[in-house]
Amino acid sequence: MASIEVRKETCVGCGICVPACPFGAISMEENLAVISDDCTLCGACESSCSFGAIIIRTGETDGTCISDYSGIMVIAEQRDGIVDHSTLELLGEAKKLAESDGSVVTVALLTEEGGKWPEKLIQYGADIVYIAENPALKHFRTEPFSRTVEKLVKQKKPAIVLAAATTTGRDLMPRIAKNLNTGLTADCTELAIDPETGGLLQTRPAFGGNILATIVCADTRPQMATVRPRVMKALEPDKNRNGEIEKIELAPEDLTSRTEVLEFNPLDEGEVDITEAELIVSGGRGLKSPENFALLEELAGLLEGSIGASRAAIDAGWVSYPHQVGQTGKTVQPKTYIACGISGAVQHRVGMQSSDRIFAVNKDASAPIFEFCNEGYVGDLFEIIPLLIKEIKRRRK
Amino acid sequence: MRIVVAVKQVPDTSEVRIDEERGTLIREGVPSILNPFDEYALEEAFRWKDELGGTVIVVSMGPPQAEVVLREAVSMGADEAILLSDRAFAGADTWATSHTLAKAVEKMGDIDIVMTGKQAIDGDTAQTGPSIAASLDWPQITFVGKVRELTGKHIIAERYVEGGSEVIKSSLPVVVTILKDANTPRLPSLKGKMRARKIEIPVWGKNDLELSEEEVGLDGSPTRVVSIATPETFTDGQIHHGEPEELAKLMADSLLGTEDS
Ligand SMILES: Cc1cc2nc3c(=O)[nH]c(=O)nc-3n(C[C@H](O)[C@H](O)[C@H](O)COP(=O)(O)OP(=O)(O)OC[C@H]3O[C@@H](n4cnc5c(N)ncnc54)[C@H](O)[C@@H]3O)c2cc1C
Ligand SMILES: Nc1ncnc2c1ncn2[C@@H]1O[C@H](COP(=O)(O)O)[C@@H](O)[C@H]1O
Chain A
1 MASIEVRKET CVGCGICVPA CPFGAISMEE NLAVISDDCT LCGACESSCS FGAIIIRTGE
61 TDGTCISDYS GIMVIAEQRD GIVDHSTLEL LGEAKKLAES DGSVVTVALL TEEGGKWPEK
121 LIQYGADIVY IAENPALKHF RTEPFSRTVE KLVKQKKPAI VLAAATTTGR DLMPRIAKNL
181 NTGLTADCTE LAIDPETGGL LQTRPAFGGN ILATIVCADT RPQMATVRPR VMKALEPDKN
241 RNGEIEKIEL APEDLTSRTE VLEFNPLDEG EVDITEAELI VSGGRGLKSP ENFALLEELA
301 GLLEGSIGAS RAAIDAGWVS YPHQVGQTGK TVQPKTYIAC GISGAVQHRV GMQSSDRIFA
361 VNKDASAPIF EFCNEGYVGD LFEIIPLLIK EIKRRRK
Chain B
1001 MRIVVAVKQV PDTSEVRIDE ERGTLIREGV PSILNPFDEY ALEEAFRWKD ELGGTVIVVS
1061 MGPPQAEVVL REAVSMGADE AILLSDRAFA GADTWATSHT LAKAVEKMGD IDIVMTGKQA
1121 IDGDTAQTGP SIAASLDWPQ ITFVGKVREL TGKHIIAERY VEGGSEVIKS SLPVVVTILK
1181 DANTPRLPSL KGKMRARKIE IPVWGKNDLE LSEEEVGLDG SPTRVVSIAT PETFTDGQIH
1241 HGEPEELAKL MADSLLGTED S
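Going down the list, the protein sequences come from chains A and B.
Going by my numbering, the first residue of the first sequence is number 1, and it counts up by one from there.
Going by my numbering, the first residue of the second sequence is number 1001, and it counts up by one from there.
Calculated from the structure, these hints are not laboratory results.
With a cut-off of at most 30 Å between alpha-carbon atoms, the simulated DSSO-like pairs for lysine-lysine come out as follows:
hint : chain 1 : residue 1 : chain 2 : residue 2
1    : A       : K330      : B       : K1169
2    : A       : K330      : A       : K138
3    : B       : K1249     : A       : K288
4    : A       : K330      : B       : K1146
5    : B       : K1249     : A       : K393
6    : B       : K1153     : A       : K138
7    : A       : K95       : A       : K157
8    : A       : K233      : A       : K95
9    : A       : K120      : A       : K247
10   : A       : K335      : B       : K1249
11   : A       : K247      : A       : K151
12   : B       : K1249     : A       : K397
13   : A       : K116      : A       : K154
14   : B       : K1249     : A       : K363
15   : B       : K1146     : B       : K1049
16   : A       : K120      : A       : K233
17   : A       : K288      : B       : K1180
18   : B       : K1180     : A       : K330
19   : A       : K151      : A       : K116
20   : A       : K138      : A       : K116
21   : B       : K1180     : A       : K138
22   : A       : K138      : A       : K154
23   : A       : K138      : B       : K1146
24   : A       : K390      : B       : K1249
25   : A       : K95       : A       : K330
26   : A       : K96       : A       : K239
27   : A       : K151      : B       : K1169
28   : A       : K116      : A       : K95
29   : A       : K138      : B       : K1169
30   : A       : K233      : A       : K335
31   : A       : K335      : B       : K1180
32   : B       : K1169     : B       : K1049
33   : A       : K330      : A       : K233
34   : A       : K247      : A       : K138
Bound conformation, chain A alone:
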């Protein structure tokens, strides 16, 4: 059984580990760190201790031969046969990770008909494209997709498997990881190869965005991660790149499913998915009433953007939930994010902080949003926004 231990001889009583514990489980007693039952063995204190005085012991591992695994496999995502941009981003990131040791980058594409996509995926960085084509793979369905990928992974033994942290990737990957008895890190925003161990360092926001945790999967393979869309960069397609295309053989029993997709209902017109928007005008409690959102809609209309909102505005019923940005809403990464009357609470911040440019209008100069925006305007939004609208119209005349 795993356990945590403070080495009495080595602990100097410096107390650094006390605040390092996210669970408040450490206290100092007579110059010695004492760990209470609140400990979850998360390991934060172990890495905070410069003296190596805190040790977490794990039980025996089964000794899977991790050296049998190599290369990086990306699981492609497609809808209606069109490969999602997130897949291209993952290929770019995989290529970057492969630089250190020249690993092979492969991609698994499960679809009804691949068309030109295998060649395109090679242009975007894949060395080998594994393609499974079957009408049963037209729409994403958990069971046929997970079975097919599991088989492929067992056969090809990639060291790393990546998928986008979309509703598809986050449905598929946990199932595969559980069945393959390996680790999975959700919604990563940063990946790197540990130069010492060669393992994958997977970094992701946790605790409502308050911390960034780096996670490893040391003893099992593959190392699996879902990666937040729009964080990694796709490569410029290179028409001269060469690669191989290999068909995945499908057995009929792999394609059975206990779920079926009855229909797909795209969002209503005007009800754009804010995660796809290039520009978002977002409003918070500072808007004061639902009518005032018309002001933001006018601005968004001029700038061809979408409407976002803080949870305060959603809870007040001024805007509908699909527009909520933040921890319990959507994560967005537009080119431009304009926050109006939003204080910038951490739960809001985690949903929008990777936007390329953040503008903030707030009358309180000490609002947290001014600590992480690119351009802040201290003033009353009911004065500034109408003037801004006027100014944009004037310049465009």
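Add chain B with the ligands to chain A, keeping to what the hints say.
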């Protein structure tokens, strides 16, 4: 209909503050709460129990004090509660958590649906639900914004995905993860609160679940947290003060950029 809802006790992350000097979390005085997303899973279970009859069983894996959230769930309407608690469970990642929860579901027997919240606000992984489904070898429907139909044989639910919603039909038993869109959670009733105070909550440990040390807790977890950092604060933003007219002009300059004539 026998429905299991998996609930987790989490620190209220909105109360977590950062120690600017040390760059670490201040957990002192941070209350533990029922994971807010799990309230929607609970409500969905209650809603269908009200319609079809049956039993709602809540289960949580955690330290002994996690019992508090189980009592809260009972006060809202759960019929039975089971706590999975054992020193050996500590340090579990989603693999080990789902493995343990799945074993508990097997032990309960005859379960039609397992419902979970979309994600827990401390880990934010959204992995536990689909991993439970894998462990049980049941089908799964994740990110459900609406359950349209539920009978003794099948479920029809809307999955909210990028760009729209998918309507999925699945046979039972099934694991479903519920989004906030699905419903409005009810408040505890007086009767519920009384029941919650009295109800006996069995505690199952690794031996009760016939699990070995290698498959639970930290030992059973393929992943490990190796470091924790606070996100860098971005400090080179430009903050403008001045008259509204001036600010609006500056903002238009930045927003329109080259479009500016
Ligand atoms: C578990 C949990 C999950 C959460 N998830 C989310 C989430 O997903 N998304 C989210 O946004 N929040 C979330 N929250 C809530 C979050 O903590 C904040 O409460 C919320 O973001 C605040 O919204 P706000 O900035 O609009 O309101 P406030 O914090 O009240 O800020 C309003 C701002 O408007 C400014 N203002 C007022 N009038 C004017 C004016 N005339 N001109 C200019 N400025 C003006 C004020 O100065 C103030 O800074 C969550 C909380 C919890 C506990
Ligand atoms: N320790 C646990 N005990 C019971 N349910 C849990 C536990 N951890 C996670 N869950 C359930 O799984 C959902 C997703 O959690 P997570 O995968 O941690 O984001 C939660 O909303 C809960 O319903």
